[in-house]
Amino acid sequence: MKKILILTMLCIGFVSFSTKSFAQSSTPLKPYDGATHGYTFDGMTDGYKYQFYLTTNPQEKDNTVTAPVTSGILTGAIGTVGDAGTGKATVSINWNIAASDTYNSGNPIYLFLKVWDETPATKVCENYKAVKITPVANTFNVFVDDVTASGIPESCPELNFAKDFQPIIVDLEGNNTTAYNAGYSEVSFKISRAGTANAWDFNFTIANATTANYTYTISGDTSGDLLVGTGDQANATKDVAAAAGDAFVTITLKVPNVESVNPDFSFTINSASDHVSKATDSDNSDDQVTHMINILPAIGGFTGS
Amino acid sequence: MKNIYKLLIAMVVLVSSVELAKAQVTSFSNPWPGSTHTYSFGDNGDTNTTEWFISQNADGSNPIVGDVGNHFTLVAEDGTGSVGADGVLSGTKINTLRVNWDGTAAGSYYVFLQVIDAGTDCSNLKGYKVDVVTGRFNAIAENVTGGTTDVDNPQFVDDSKIVVDGCSDETGNRIVNEGTFSLGTSEVAFRVKRQYSLNKWHIDYGLSVGSTSKVIAEDGSTLNVATGGGYDIPAVNDYVIVYVTVPNAEATSQAVMLTLDGTTTIDMTTTKSDAASLPANPSDNVGTYTIKSMPTISSTMTGGN
Chain A
1 MKKILILTML
11 CIGFVSFSTK
21 SFAQSSTPLK
31 PYDGATHGYT
41 FDGMTDGYKY
51 QFYLTTNPQE
61 KDNTVTAPVT
71 SGILTGAIGT
81 VGDAGTGKAT
91 VSINWNIAAS
101 DTYNSGNPIY
111 LFLKVWDETP
121 ATKVCENYKA
131 VKITPVANTF
141 NVFVDDVTAS
151 GIPESCPELN
161 FAKDFQPIIV
171 DLEGNNTTAY
181 NAGYSEVSFK
191 ISRAGTANAW
201 DFNFTIANAT
211 TANYTYTISG
221 DTSGDLLVGT
231 GDQANATKDV
241 AAAAGDAFVT
251 ITLKVPNVES
261 VNPDFSFTIN
271 SASDHVSKAT
281 DSDNSDDQVT
291 HMINILPAIG
301 GFTGS
Chain B
1001 MKNIYKLLIA
1011 MVVLVSSVEL
1021 AKAQVTSFSN
1031 PWPGSTHTYS
1041 FGDNGDTNTT
1051 EWFISQNADG
1061 SNPIVGDVGN
1071 HFTLVAEDGT
1081 GSVGADGVLS
1091 GTKINTLRVN
1101 WDGTAAGSYY
1111 VFLQVIDAGT
1121 DCSNLKGYKV
1131 DVVTGRFNAI
1141 AENVTGGTTD
1151 VDNPQFVDDS
1161 KIVVDGCSDE
1171 TGNRIVNEGT
1181 FSLGTSEVAF
1191 RVKRQYSLNK
1201 WHIDYGLSVG
1211 STSKVIAEDG
1221 STLNVATGGG
1231 YDIPAVNDYV
1241 IVYVTVPNAE
1251 ATSQAVMLTL
1261 DGTTTIDMTT
1271 TKSDAASLPA
1281 NPSDNVGTYT
1291 IKSMPTISST
1301 MTGGN
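Going line by line, the protein sequences match chains A and B.
Per my numbering, numbering of the first sequence is gapless, rising by one per residue and ending at 305.
Per my numbering, numbering of the second sequence is gapless, rising by one per residue and ending at 1305.
Do not take every clue at face value.
[As the list claims (entries may be wrong)] Using 30 Å as the maximum straight-line C-alpha spacing, the simulated DSSO-like pairs for lysine-lysine come out as follows:
id, chain 1, residue 1, chain 2, residue 2
1, A, LYS254, B, LYS1129
2, A, LYS163, B, LYS1093
3, A, LYS163, B, LYS1002
What the hints contain is simulated information worked out from the structure, not anything from laboratory work.
Construct the complete structure from the given sequences, taking the supplied hints into account.
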């Protein structure tokens, strides 16, 4: 009679997730496109090796498979049980911004965890378990428009008396003692949200291709001034937190007019997220605009006779 | 007198003299009516459009349409460009404007240059405030007898040779029993000059004794009596010499006075009169020369055998 050797199988216990679940928000098993979630399995013995892997094959045993294209990026997929806490193995997945195009309720993807013992002396077999994940389309989108008053992406410097413009030069006879002022021009960008009514936030960069100086004011649709950038700016990168009542946020640059200079700005939304659902910007194609103020033609020094 | 009052009076005198000093010569910032001055802003680009105009508003609105005889005349120093129906002198690279304040301009004006970039159509604007010397026309009468010794150039005066009195000229037929006896006449000369105007002007005056023999303008021309009396003096002349012939008389000194009529002595373009100008200064409207008395000789001879 053959002796049947029943070897111990490594235990893989319960799986837990590192983010809270809200109704209608991104969850680890139904993640929004572009969202990041943590996945933890526990109940294991410290010291064993593990590897997480993504696959569309519900019976995939090969833990070295590469994650399918446009699924997600795993961070910390390989490790030792116990590094993240006793009995635990944890991985973080950043889901592709278009994951749900391919992987969804009709075509799920599986996150596997394989655990094994590398010590040859111990006669412990490997184990593997998986969870089914169905990415969900994310309609949260943040986009930017150039809403400068000129209506065109290249505008003339404004010569506006309400914007500090004062064209009369000071003269030595004292006929005019008020200092000449070239005034300033305003450039405005409007950052809007779509697909959510929650509070939201975004990170932007204003890049300035010339030596132009400017200050800026950021105000929410209903929140009023959110942020004021004082002093001279070269480039500016900032985080903005907008309230639920702000369907859009306006950023207005105040650019002093300088002769022979044409300020050239590009505004980029680097990232954005729904503050409640944690959804991230689903469309990056509408995240950048530029605006240039044309050159202010020079007028030379005054002489009279 | 209390020191505070002395100080206040000193301050009033100082301010008045500063104001008067500004007007003593015509300048581009405080031009006299009838003067011509140039206004120049330095290099404004080789291809840019330059538009010059004058407005009474510091914001450049409502350019004045300047025709000869109106407020002023505009012309480019280099002779290019042209003035449109809107009062704007338009051309390329016109850096210097010549303004002939030959009209009724009075008060403050702003001389503007607008430069328009040839490529982008963007513009820049600078201005210079001009206070036209207004309401100051002044005519001065003074004795210059003794100083007009150049018979070939009767308009020239050597001020170092002027005398305030003298003996009567020895002229006339003094033979008592042949021909018509006459004590002769003396010639007295007065200079009438203007201030604060370079326009065509008019003088009226009265003489205490004698009559006008000729009036010679600064440029050497002889002036004729104007219709209605007095003399119209062409704009180029800052003064005229009035030659007065006074019949000699025995045993009496004669004060020969030329008194300007302040009401009808005027700048013919602005119509401002000497009397109505500020400061009112009637005391400079009278020139005086005294012909000293000569002893009597009887006109009949007695005795002799």
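* Asked: Okay, which hints does this one fail, numbers in order?
  -> The structure breaks only hint 3.
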